[in-house]
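Novice: Here is what each chain is made of, one letter per residue.
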Amino acid sequence: MKMFTSLEIPASRNKTWRGFFIILVLLALPLVDVLAGVLVAPSVVILSDKNRTGRLNLQNPSNTPKEVGISFSFGIPESDSLGNVNIHLQDSAVTDPRSALGWIKAFPRKLIIPANGSQIVRFVANPPKNLTDGEYWARIVVESQEGATSIPMATKGDKITTKLNMIMRTAVMIKYRTGDLVAALKLNDAQAKKKDSLINVLVDLSNEGNVSYIGLLKCRLVDADGKEISKNKIQLAVYHDLKRSMTLPLKEGNYKKPYKVEVTITNKGRKDIPVDEMVFGNDISYTMTLNN
Amino acid sequence: MNLRLEKGMKTHKKRKISSLLPTGFKVIALIFSLAMIMFSSALAQDVAVGQATATVQTPLTVTATAALAFGTVFQGVPKSVAVNSANAGVFTITGQAGTGISVYLQLPDYMSTSSGDDRMVIAFSSTDCSIDTTGIVDPTGAIVGWVGTNPYSLPATVTVSGAGASSAIFLGGSVNPSVDQAAGAYTADIILTVAYNGT
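Chains A and B are the protein sequences, given in the same order.
Quick note: the first sequence uses the numbering used here, first residue 1422, plus one each step.
Quick note: the second sequence uses the numbering used here, first residue 402, plus one each step.
For the record, the hints were derived by calculation from the structure and aren't laboratory data.
Treat the hints with care, since some could be wrong.
[What the hints assert, rightly or not] Cβ-to-Cβ under 8 angstroms is the rule here; a few derived chain A residues that face chain B: (1) 1459; (2) 1461; (3) 1579; (4) 1585; (5) 1588; (6) 1589; (7) 1594.
Note that beta-carbon positions come from the ideal geometry of N, C-alpha and C, so glycine has one too.
Isolated chain B, as found in the complex (with noise of 0.2 angstroms):
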């Protein structure tokens, strides 16, 4: 009887603790548990590398987060994109804080078809540039750096310093569509090269 009495009230006890504790309380111990179990096997390969020296190296990376808009456009109408306006074509450079870059744009005379059968003029201006040095992406913000440059010649003294270590550059354009533009969707490259002018 009185075995079989203890043998109970372990079980009750057993019941009751595991009771007590909140669900939430179990998720985050099951997570941080796996949080340790990942951090514990990363230490492992430490440890087992020895004694090791490296150089942290932030890894240059050139974004284009989004692409310069036209929309659809009409015969005889020429239709322009402000490099302040929404539809900017937005390039963001990120690298290591405090460091001079060259930056480089390659930009199209026109427009083609796929079947190349038909082009469309597009043409940029001396002030369709703008270059953000403090993290600003956004082309309608408030930027500062270089404002309504030549796309064609830009600045030399550009550094990757902004916020995060980034800099972004804003292209506006506008193309001109002739009376008698043949319908269809056309296709241009821009392309912007980057290189660190410090190593």
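Isolated chain A (complex conformation) (with noise of 0.2 angstroms):
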């Protein structure tokens, strides 16, 4: 520590080792250990009838071997009437037509990623034979704990210890896609509603393709002038029916009423998914006016 200090070294060495130790930091950095987790990429797995295999790349971050078990599910996004998302996940008993649940294995199914490490799971397809076209789902669960798990011991004969085991799972949905792809969605209904400072959107939608329709929901609040008071946007996954619910703030501000909800549908300006897996479809907009 002391012959950092300026008093035993001269100015310009001082400001030599300060370079020196700026360098070293940014060196460094991409060894930084920020995560403990396990790295699932990508989001989303696509195979088809052409190409019926494909991978999942995890990650070990960490400095412990971190145990990995790989298994499916059914679950695909619904929502309640107002317009609240939940993926509830199914390993068996599932009656969806375009469940992909049984027919895709992965290999390996258990394995122990060493600390800093990675790993690919790969995926195969064994679709049953006249499979209709469009699209088929199922969730890759990806289940990851530290690599050695300790067992408590008590130390005096007379004590409960007590330990927790925090095990992650990361649900990452695989699809399969056979013959001609559609891509349809259908604006059942649309309302916007004043609450205090805020609007609520809330849109119900049908997909109307023969696969997932994967977009954005954008909504923009304007006044009678087409002046933006406000916007949001998210994500959208439409496999069947669903609502979906955003909020917009009403800001303060000179803003001539009515004030109009302009809503947006679109699959295209997605970019966490390559744009070669993307289906794209029919894009639908929408403008409501609130009436107070």
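With the hints in hand, could you dock these two chains into one complex?
Specialist: Given below as structure tokens:
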């Protein structure tokens, strides 16, 4: 420590050492162990009748080995009447005709990823014959925990010790596509209601294609002159029917009533999914006028 | 004689330039050279690929930052860990910024000994969970999101949106050892499932 004090090092050398440490820190940044979980990418795996195999990259950026298990479930976004979205994972008794559960396999299914290591998991689809055109879905469930689970030891004969294993599961969508693919979305209903200083927007959507409609829901609150008051957007995935809600802040300002809400739904502009994995369909535009 | 003198002068000049450079500068130069070699190697790989387009995808990561810790408990004495205490369990979720996620906790009813001979009740109340969407990972911090929510029914509008596109889930709970609870080590699993709901 002493050697870095300016008292013992001449001014010119002090600058040199400062530069040296800045470079050292910059070079060491990528090595910093920021997260200790297992990284799972990509966010969706696409298989097709032309390429029945796919892969998932798992990385362990921590300094301890991670025990990882791969399994499959079925779970698509579903909504309640208020537009809240949930995914209910089912391991069995799936009745959805678009389920791919049971005919997609993973290799390997159990693995230990060493510290700071990575592993590729491969998937192979063996679909049943005479599958109708369209898309079939399942979820890859990546379960991880510390490689070496330590069981606590009671220190004295009359003591009770406890340990809770924190297990992490990441459910990634896997899709199998076959034949002619059609992405089509229908807007059944749209509502906008003012509550305090917020505008709550609710859209009711139906998937009329044979693939999931993956896109963006954008809403814009404008005044009577078309001046923008606020806007918001969320990612959208419609598998069957879905209601989605969104809030728009009603900001203070010199705005002329009546206000309007412009709703736009498009499956262009998703930056998280490669363009060649998208099935593009129709866009929807709708404008509502607020009563109060 | 002249020839010998010239040789001697050159050697002297070389020594002088070398001695003028500070040791720190030499180290920096060495590190810089190594970094440039690594960088040029990476560039060479890119050039070899030629024209290519790629979509940058942020991986989804779920991390158990801290385990819910009751420590040592005693027969007949219930023990609780508040959701805003330092002993609360912490999961962090990192992914694509602004993306909606669905989260689901599977919580145990009992903790068991490794032999399975005995078990102890563990309970979670309807306010034993908090969710922060601003990147805070300290359960004792000022959480922004959902405070004191039901761990059995997590909110449906959680997004990955905090600093570094991360959200955190905090979990408290309580254990209720009976008066004749067998001494020993008890374990159970807490499982957090996370899925993007926009893909």
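Novice: Once the shortest beta carbon distance from residue 1588 of chain A to chain B is found, is it less than 8 angstroms?
Specialist: Constraint on residue 1588 of chain A satisfied, holds at 4 angstroms.
Novice: If you take the shortest Cβ to Cβ gap from residue 1459 of chain A to chain B, is it below 8 angstroms?
Specialist: holds, 7 angstroms
Novice: Using the nearest Cβ pair, does residue 1579 of chain A come within less than 8 angstroms of chain B?
Specialist: Status holds, d = 5 angstroms.
Novice: Given a cut of 8 angstroms on the nearest C-beta pair, is the interface hint for residue 1594 of chain A held or broken against chain B?
Specialist: holds, 5 angstroms
Novice: Holds or violated: residue 1461 of chain A as interface residue toward chain B, Cβ cutoff 8 angstroms?
Specialist: holds, 5 angstroms
Novice: With 8 angstroms as the cut and Cβ atoms as the points, is residue 1589 of chain A at the interface with chain B?
Specialist: Holds. Min distance 4 angstroms.
Novice: Hint validation: residue 1585 of chain A versus chain B, beta carbon distance must be below 8 angstroms. Holds or violated?
Specialist: Where the cut-off is 8 angstroms and the nearest Cβ of chain B is about 5 angstroms from residue 1585 of chain A, the hint holds.
When held up to the earlier numbered hints, the structure conflicts with none and fits them all.
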